[in-house]
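Undergrad: Here's the letter readout for the chains.
2 protein chains.
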Amino acid sequence: MDKAGLWKQIRQKSSMLCVGLDSDESKMPEYFQLTTHPQIVFNKAIIEATKDLAVAYKLNTAFYETRGAKGWHAMEETLLDIPDNCLKIADAKRGDIGNTSTMYAKAFFEQLEFDAMTIAPYMGIDSVKPFLEFQGKWVIILAVTSNEGSKNFQFQELKSGLKLFEEVLNTTSKWGTDSQIMYVVGATHPEFLGTIRSIVPEHFLLVPGVGAQGGDLKAVLKNGITGSGGLLINSSRGILFAGKGEDAIPAARREAQRLQQLMAPFIR
Amino acid sequence: MDKAGLWKQIRQKSSMLCVGLDSDESKMPEYFQLTTHPQIVFNKAIIEATKDLAVAYKLNTAFYETRGAKGWHAMEETLLDIPDNCLKIADAKRGDIGNTSTMYAKAFFEQLEFDAMTIAPYMGIDSVKPFLEFQGKWVIILAVTSNEGSKNFQFQELKSGLKLFEEVLNTTSKWGTDSQIMYVVGATHPEFLGTIRSIVPEHFLLVPGVGAQGGDLKAVLKNGITGSGGLLINSSRGILFAGKGEDAIPAARREAQRLQQLMAPFIR
Numbered sequence: 001m002d003k004a005g006l007w008k009q010i011r012q013k014s015s016m017l018c019v020g021l022d023s024d025e026s027k028m029p030e031y032f033q034l035t036t037h038p039q040i041v042f043n044k045a046i047i048e049a050t051k052d053l054a055v056a057y058k059l060n061t062a063f064y065e066t067r068g069a070k071g072w073h074a075m076e077e078t079l080l081d082i083p084d085n086c087l088k089i090a091d092a093k094r095g096d097i098g099n100t101s102t103m104y105a106k107a108f109f110e111q112l113e114f115d116a117m118t119i120a121p122y123m124g125i126d127s128v129k130p131f132l133e134f135q136g137k138w139v140i141i142l143a144v145t146s147n148e149g150s151k152n153f154q155f156q157e158l159k160s161g162l163k164l165f166e167e168v169l170n171t172t173s174k175w176g177t178d179s180q181i182m183y184v185v186g187a188t189h190p191e192f193l194g195t196i197r198s199i200v201p202e203h204f205l206l207v208p209g210v211g212a213q214g215g216d217l218k219a220v221l222k223n224g225i226t227g228s229g230g231l232l233i234n235s236s237r238g239i240l241f242a243g244k245g246e247d248a249i250p251a252a253r254r255e256a257q258r259l260q261q262l263m264a265p266f267i268r
Numbered sequence: 001m002d003k004a005g006l007w008k009q010i011r012q013k014s015s016m017l018c019v020g021l022d023s024d025e026s027k028m029p030e031y032f033q034l035t036t037h038p039q040i041v042f043n044k045a046i047i048e049a050t051k052d053l054a055v056a057y058k059l060n061t062a063f064y065e066t067r068g069a070k071g072w073h074a075m076e077e078t079l080l081d082i083p084d085n086c087l088k089i090a091d092a093k094r095g096d097i098g099n100t101s102t103m104y105a106k107a108f109f110e111q112l113e114f115d116a117m118t119i120a121p122y123m124g125i126d127s128v129k130p131f132l133e134f135q136g137k138w139v140i141i142l143a144v145t146s147n148e149g150s151k152n153f154q155f156q157e158l159k160s161g162l163k164l165f166e167e168v169l170n171t172t173s174k175w176g177t178d179s180q181i182m183y184v185v186g187a188t189h190p191e192f193l194g195t196i197r198s199i200v201p202e203h204f205l206l207v208p209g210v211g212a213q214g215g216d217l218k219a220v221l222k223n224g225i226t227g228s229g230g231l232l233i234n235s236s237r238g239i240l241f242a243g244k245g246e247d248a249i250p251a252a253r254r255e256a257q258r259l260q261q262l263m264a265p266f267i268r
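Here the protein sequences line up with chains X and G, keeping their order. Quick note: the first sequence uses my numbering, first residue 1, plus one each step. Quick note: the second sequence uses my numbering, first residue 1, plus one each step.
Errors might be hidden in some of the hints.
Identical copies go unnamed one by one, so any copy, or any two together, can satisfy a pair.
[Claimed, not checked] DSSO-like cross-link-like pairs, simulated, lysine-lysine; straight-line CA separation at most 30 Å:
id: 1; residue 1: Lys-44; residue 2: Lys-70
id: 2; residue 1: Lys-106; residue 2: Lys-44
id: 3; residue 1: Lys-151; residue 2: Lys-106
id: 4; residue 1: Lys-244; residue 2: Lys-44
Hint data in this document are derived by calculation from the structure and do not stem from the laboratory.
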C-alpha cells in the first residue's frame, strides 16, 4: 500500500490505529490456548473484531520466530487473515548488511508478503539500502524508541548540537523517499515531536507505547500530524489483553474503538 | 564456555579463529546442493575439516531463519555437530526490549543452546540486560562494524569529544562483566583498536571482516590483544567458499590453517 492509499484508508476509517499482534499464548484465554494453533485462531478473532477500526497490523516477529516452524506458519496464516486495505508490518528490528539484509528482505517482503519492516539504524546505509530496493515496500527506521534505554544512546548530544536521533532522521531521510521510509517514534517522548516534524514533516511515524507503556496519545495527535506526514498509532497488549475469558475479544474491540474515537477528531 | 575456558582453547590450538557458517546453499558445490539438507551436510563437512583449528563457530542466523522451518532445523543439527570445546555464536544482531529480548534469549540460548549472541545497542540498556540474565552465556555488542555504513552513526563525534562507538563501549561495559560481554570490532578499522583497548582492555573482541571485506589481520593481531582481552577472528566466505567442486572442503581447511598460522605467534 502506498502513501496515498494509506491516507485513503485513514480518512475512510477515521482511524490511524495499528493493532500490534504480540500474541503471547500464555496470556490468551484458555479456549484459545486449547486450539491446535492458538496464535492463528486468536489473531483471526482479533483481526475480525478490529478490522473496520484499524488501518495497520504489526506483528512483533519475536513472538513467532521463537516458536520455530510453528511460529513461521502462524505468521503466514495471520497475514492471509489481514484484509488488503490494512498495512502489514513486520516488527523485526533487523540491522545487518548487504547480502544478509537482502535475505531478510526477501523473507519478510516476498515469502511472507509484509508491506513494511522495522530496521535498526546503528550499522548505517548498507543496512537500510537493501530493503529500499523492494518496490512498493516500506522501511520503518527506529528513531526514538519508547523504552527507558532510549536515553542511553538515542538522546546523546553530538558535537553538531543535534541529538543522535535527529542525526538519524537527517541522514536516513536522504536514502529514500517519504513513500518508502517511515520512522518509529515512541509515544513516551511527545516533547520531541516538534523537532522530529521539523526534520521529517512529510514522513509517516509509527508510534508505539500509547497503551501499556503509558505514552500520551493526545500530545502525540496534537503535535505529530503535519502536511502529508501521518501517524500509525500502535497498541498491542492494551488491545489484545484488554479483557478476560469470554470478554477478551469484545473488550479488544472496545479498546480499539476507544482509541479510534480519540484519533478521529485529528484526522482531516 | 567461560573466559578461562576460552583462553585455554586458544592456547591449546594456538588459534583465535572463528569460522562463520554463512552457509549460502547457492554457493556450495553441487554435490552438497543435491543432498536433502545441504546446510547441515555442508556445515558438518566444514566443521570436521576445521575443528582442530577453530575455537569458535558463528552462525549468521539470517542464512537459516529465512529458510523457515528447514533453516531452524539446520541450526539445531549444526549446533550438535560443533564440538563442545568451541564457542557457539548466534550472529543475530537483535535489539529489542524487555519481554521480546527475553523471548529471543530463550530461543537462542535455551532452545538452540548457543553460547553467545550478537546484539545491536541502539535501544539501550533494556535491550541488553535481558540477555545478561542467562548464566554462563555471552552477549556480543556491536561497537564498530566492518561495513561502509559504520561511518554514518558509529563514528559520529559527541559533544563530550567521544565517538558514538566509544560511548557505547563506556556505557555498556558497566552493564555486565568481561565474562559476559564481548564486542564486535570490524577488522576494517584497526586504527581504532588503541582507543578501544583503552576503554575495554579485558574484553574479548569478535573481529569480522578479515576475509572478503579486506580487513588487515596483522594490524588487528598487533594492537588488539591486551591482558586477558583476547580476540575471536572471524572468517566466513573466505573459508567456506575458498575452493570449488571436490576441492571445496580441502581448500576451506587450507584457508583456516593459513589464518591460524598467522595468529599463532601472537598468542602467549
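Undergrad: The structure should be examined with respect to each hint, and the outcome stated for every one.
TA: Here is what the structure says about each hint:
Taking the shortest Cα distances, Lys-44 and Lys-70 sit within 30 Å of each other both inside one copy (16 Å) and across copies (26 Å). Taking the shortest alpha-carbon separations for Lys-106 and Lys-44, both the intra-copy value of 25 Å and the inter-copy value of 26 Å come in at or below 30 Å. Proximity of Lys-151 and Lys-106 under a CA criterion of 30 Å is satisfied inter-copy only: 26 Å between copies versus 33 Å inside one chain copy. Taking the closest pair of Cα atoms, Lys-244 and Lys-44 come within 30 Å of each other only inside a single copy of the chain (17 Å); across copies the shortest separation is 49 Å, beyond that limit.
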